[in-house]
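Peer 1: So you can see what is in the structure, the chains are spelled out below.
Protein chains: 2
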Amino acid sequence: MRNGFSFIFFGCALALQASLAHAETASRYSLSSPDKQIQLQIDLRPDGLFYQVDYAGRAVVNSSRLGLKIKGQQALGEHLALLKQHEREYNQNWQQPWGEQQTINEHYRELRLELIETTASQRRLTLVLRAFNDGIGLRYEIPAQQNLTQFVIEDELTEFALAENSHTWWLPAYRNWGPEYQYLKSALSSVDVAFTPITLEARHYALAIHEAALVNYASMTLRLMSDNTKTLKVDLVPWPNGDKVRTAAPMQSPWRTIQIAPKAIDLLNSYLTLNLNEAPAPESLTADNSYIKPGKYMGIWWEMHIGEKDWSPGPKQGATTARAKEYIDFAAQHDISGVLIEGWNKGWEGEWWKRAPTFIFDEPVVGLDLEEVTRYARDKGVAIIGHHETAAGVTYYEQQMDAAFDYYEKLGIHSVKMGYVGTRIDGDQWHHGQYMVNHFQRVVDSAAQHKVMVNAHETVTDTGLRRTYPNLMTRECVRGMEYNGGSPDTGNLPDHTTIIPFTRGLSGPTDFTPGIFNFDYKKHRPHNRVPSTLANQLALYVVIYSPLQMVADLPENYAGHPAFQFIDHVPTDWKQSRALQGEVGEYLVVARQDKRSPDWYLGAITNQDGRQLKVKLDFLDPKARYEAQIYRDGKDADWETNPESYEIKRMNVTAKTTLELDLKPGGGTAIRFKRH
Amino acid sequence: MRNGFSFIFFGCALALQASLAHAETASRYSLSSPDKQIQLQIDLRPDGLFYQVDYAGRAVVNSSRLGLKIKGQQALGEHLALLKQHEREYNQNWQQPWGEQQTINEHYRELRLELIETTASQRRLTLVLRAFNDGIGLRYEIPAQQNLTQFVIEDELTEFALAENSHTWWLPAYRNWGPEYQYLKSALSSVDVAFTPITLEARHYALAIHEAALVNYASMTLRLMSDNTKTLKVDLVPWPNGDKVRTAAPMQSPWRTIQIAPKAIDLLNSYLTLNLNEAPAPESLTADNSYIKPGKYMGIWWEMHIGEKDWSPGPKQGATTARAKEYIDFAAQHDISGVLIEGWNKGWEGEWWKRAPTFIFDEPVVGLDLEEVTRYARDKGVAIIGHHETAAGVTYYEQQMDAAFDYYEKLGIHSVKMGYVGTRIDGDQWHHGQYMVNHFQRVVDSAAQHKVMVNAHETVTDTGLRRTYPNLMTRECVRGMEYNGGSPDTGNLPDHTTIIPFTRGLSGPTDFTPGIFNFDYKKHRPHNRVPSTLANQLALYVVIYSPLQMVADLPENYAGHPAFQFIDHVPTDWKQSRALQGEVGEYLVVARQDKRSPDWYLGAITNQDGRQLKVKLDFLDPKARYEAQIYRDGKDADWETNPESYEIKRMNVTAKTTLELDLKPGGGTAIRFKRH
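As they're listed, the protein sequences go chains A and B.
With the UniProt record's numbering applied, the first sequence closes on residue 676, and no number is skipped along the way.
With the UniProt record's numbering applied, the second sequence closes on residue 676, and no number is skipped along the way.
Zero decoy hints are in this set.
A pair counts as met if it fits within one copy or between any two copies, since identical chains are not told apart.
The list that follows gives simulated cross-link-like pairs (lysine to aspartate or glutamate, EDC-like), each with its CA atoms no further than 20 Å apart:
| # | residue 1 | residue 2 |
| --- | --- | --- |
| 1 | 522 | 640 |
| 2 | 674 | 627 |
| 3 | 263 | 640 |
| 4 | 354 | 227 |
| 5 | 36 | 110 |
| 6 | 36 | 266 |
| 7 | 354 | 426 |
Keep in mind the hints are simulated off the structure, nothing from the lab.
Can you make the complete structure from the sequences, with help from the hints?
Peer 2: The following block contains the structure:
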């Protein structure tokens with residue numbers, strides 16, 4: 001809990017001595033969002049604890065079970081009585097140090113129900129509920145108590161008994177190691193078990209179910225209770241022996257969140273997940289955080305994916321001093337702050353992803369003089385980005401972790417890309433279980449101590465912890481650009497990028513790595529394709545939010561290219577963001593205002609279908625005039641036949657202008673609105 | 001194989017003595033469709049047998065493995081040499097005794113490759129390939145031979161290495177007992193394991209993979225080889241011990257079929273599956289088949305689903321003499337040839353689907369005088385439709401099966417609805433394994449001997465066997481109308497009916513049971529909805545093909561309703577059918593010509609989105625004039641708020657007319673074109 005100086009108390013704390021007589025009758029507690037559109041009901045019945053959610057007078061979640069199953073004990077959630085009830089309203093703006101939206105309003109009503117069992121064990125459980133105008137959060141707290149000290153959560157009983165069998169976009173959990181799939185669309189009743197966020201679109205509202213503030217707990221997946229139901233039940237990612245969470249009182253669960261909005265597009269303008277995370281610890285705020293800087297980066301990376309280079313040492317080695325300097329030279333001439341060098345260290349020989357890890361985290365590979373490269377970069381005002389690929393060997397990595405960050409700190413490296421390539425962590429742990437959650441927290445903490453920003457791939461899904469840990473910048477956790485270039489040649493479909501902002505993107509920044517300009521890499525990857533046009537690639541810099549945004553193609557593919565000036569201009573830190581229009585899997589238009597100038601940027605993308613869109617520019621300052629620098633698909637552009645066809649057009653616009661965008665198949669439009 | 005009198009031989013039989021030297025070099029065989037658009041290549045290499053498919057100059061299936069794994073033996077498909085090669089072309093029209101299309105052209109080129117192992121075991125395998133203009137079929141034959149007599153197929157090695165990662169509509173296999181799901185749409189690379197038909201839509205073509213002539217074999221499911229591949233591999237539904245097929249030489253597998261068309265809509269105009277089934281046995285053709293009659297039927301059925309009546313005996317018992325007579329009276333006044341009475345026999349008490357079956361198949365339940373009912377029906381020119389619900393107890397059922405059909409034959413009942421409700425057949429068998437395939441064949445055979453038409457629910461997926469067994473009329477194998485009324489309230493989404501004709505519908509007739517007129521059954525099912533308008537319900541009689549088409553609502557909901565005249569008029573047996581336009585999950589327009597009149601009928605349906613469609617009537621006889629009797633959504637129709645709003649309009653049209661259809665959300669248009 002944060003300091004309460006800004007709390008507006010409107011409820012009063014009731015200290016009720018629970019009596020059995022009281023407990024065995026049903027009682028109901030209510031909470032509504034500040035705008036009253038969301039109504040939350042809690043029912044305390046002898047057979048359990050239940051909640052339900054209405055939105056705009058319509059049932060959204062029917063009566064749904066809450067509770068925890070403690071290993072070796074009765075379910076915690078039945079035969080409960082109220083000890084104490086506490087309501088409050090909170091309404092404050094807060095500032096993101098960096099982000100897609102500088103000022104965020106955090107406005108909720110909260111209900112705390114401190115409960116005690118009426119049975120002999122008298123275990124205590126607190127349920128905390130918050131209702132925002134854009135959704136709800138609920139969490140369990142287990143206070144310190146005699147009959148519950150160290151314990152194992154065998155199952156979390158939380159259910160989401162959805163009121164409608166609506167269209168659902170989801171990723172299958174447990175099918176392989178993680179969420180690097182293209183999304184499935186089905187009826188809710190055809191879902192099996194899914195990662196969160198899971199996005200549902202009914203006729204009168206859209207929902208996204210996810211979690212916030214995942215700390216020392218297992219990630220949540222959602223399993224359909226049984227066929228032909230509409231009830232999703234929390235299925236925590238287990239330890240190898242089936243334990244879900246190993247913990248001790250006092251503890252609190254992550255928030256279970258339901259974002260609610262009239263349409264799917266509105267979910268993108270919700271900051272519920274961030275609002276349900278804690279502000280940074282005070283000591284973090286007083287520390288020197290000047291190393292934390294959003295920015296664009298390039299890297300020795302795509303050339304491995306398209307088969308021109310290799311991560312391994314040898315004749316095709318990508319990580320060389322000379323090649324790194326080429327990237328640094330290009331970055332220095334452009335607004336690109338960092339250069340990543342994958343394969344920079346020892347241990348990448350051969351099929352490194354198939355064996356126990358052999359990486360040395362403080363010894364550069366032969367052929368790369370990292371000291372010279374960092375010196376060269378520093379002289380040119382470019383930062384080198386470190387890389388800790390663990391090959392999913394967490395124990396092995398942690399033995400070197402602090403020394404590895406030390407090594408980077410000494411070299412002046414303040415940004416690291418993490419990697420956890422492998423089917424299981426340490427051989428038998430899921431990537432999303434408590435083991436990995438706790439490991440990754442140690443990474444973030446150690447990195448902060450060494451003044452390092454973290455960009456993690458193949459890690460736990462984001463739950464908004466960047467609010468608390470501002471060095472936790474971005475992560476992958478998506479089927480990214482690499483699938484378009486890499487082997488096997490099962491690239492993403494053109495609609496993939498029109499789905500992920502509505503789903504994965506709701507969890508937080510996404511290191512999707514856009515920016516491919518050269519669509520002809522057939523020498524080594526004859527059957528692969530980036531399924532978009534060049535203008536679509538530009539638009540992704542606005543559509544997909546990440547504070548560290550890769551400029552993914554090779555410098556020689558950008559050199560002298562007129563369209564590159566959009567990438568040069570586009571910021572990675574924003575004053576405000578607006579998802580303007582879109583439908584999941586169809587198209588999306590997003591506008592964002594630069595944090596350091598009055599300029600706005602707009603990105604519009606479509607799926608495999610070309611389409612015309614009318615966009616009102618009413619987000620612009622009504623008193624100002626702008627030059628719109630428009631990067632759009634050429635008349636004959638088409639992701640398949642002519643992806644590199646684009647044109648640049650300049651025109652004067654105001655907030656009263658309506659632009660007509662003409663997106664070609666797999667196409668897009670990227671616009672810089674430069675204020676006069 | 002059928003008699004060869006009509007074969008056009010253009011290849012010549014080559015009797016090659018296989019030699020090791022020949023075998024260990026690669027050899028290639030080719031086959032093209034009559035129009036040359038489809039090219040099939042077979043590669044015989046030391047490491048195996050492979051095929052690939054091109055369509056219109058584009059790879060559709062890359063080199064893909066063929067073969068069988070015999071239990072306790074080496075894979076059969078490697079180290080093979082050619083013994084004999086045989087090519088032919090076949091081009092004949094044939095007539096369906098009933099169906100969606102009276103005359104079907106069967107035109108293919110065939111390649112038979114008789115192969116022998118070059119290893120000591122010298123097992124023989126014949127591969128038969130047929131290329132039609134609308135797709136391909138391939139099957140394995142194992143001729144009688146010394147080293148392979150009785151054997152178990154442990155795995156079928158057939159792969160479909162698809163060339164593109166395209167959008168795929170699929171149903172998960174093995175998740176519960178069968179295919180009663182709403183379809184999932186995903187990238188091919190996100191498929192897990194799917195029932196067939198599986199429908200794929202790439203930019204330049206659409207595909208459906210399925211099988212034809214499934215006899216004494218296991219149903220095929222398709223499993224993605226591993227994550228991020230585009231290769232589906234056959235995964236035969238197993239026996240409880242893991243065996244896939246228990247068989248003996250000589251034997252032949254079902255055909256593995258790939259329908260190929262420019263667009264998904266064109267798949268609906270393909271008869272590949274039927275063309276890969278055998279003509280009826282001569283003795284079947286000379287038998288009296290006059291009992292086989294397509295037609296509409298009503299039944300004591302929907303009132304159970306909406307909770308007004310019950311299958312069980314007692315106060316809510318649906319199956320009573322009086323109620324049956326009400327249905328018969330209504331049917332007799334209309335063009336409805338049959339009346340089904342579910343719960344007609346003994347054994348339906350309580351939760352019959354949860355216990356071992358207790359049905360008695362020749363004793364009516366107390367309260368239903370079946371002899372009186374059949375007499376009453378016969379006097380009125382209506383047929384009673386029998387019902388054999390087995391509760392998935394096949395062994396129990398087969399002990400009574402012949403007697404049960406005898407009983408019906410004596411009563412003059414010539415149509416039976418079969419049911420296999422239960423999670424496993426006989427406790428441990430999948431609904432789609434060889435055990436059930438063989439059982440169901442015995443049902444069809446026994447029914448034919450007793451002059452009974454079969455309509456089966458919860459059975460093996462259709463593979464076109466109705467061509468060979470003309471008493472095998474229709475089946476469910478779909479998430480039908482019952483899900484909209486039944487409990488739990490996870491009804492179908494409005495787009496469901498716009499998906500199933502492109503997927504499930506490709507396998508054969510679908511007993512979806514349309515025709516709901518009363519959308520207010522909230523007394524017992526307050527949360528359920530039929531997600532369509534009334535005009536959409538009418539259109540389903542044309543859009544979804546079934547020779548036995550249910551008129552699913554209660555007679556009192558039809559009585560005096562002006563829109564019922566469309567159901568009265570619409571035929572169930574057609575001279576020809578044309579899928580005119582549509583997109584999977586979006587909309588569909590189908591026209592069919594009555595077999596017994598020059599009239600045409602048209603059905604158009606949409607998903608949750610209203611839309612306007614222009615339909616050219618160029619399928620009509622250009623020399624004729626027609627009255628179009630149009631049943632369309634009312635101006636304010638909407639599946640959710642006003643489903644019963646419709647209007648009837650009459651206008652004169654010719655083949656030159658273009659109609660503009662205005663479909664409301666969840667809506668449709670049904671038209672009878674009555675020739676002047």
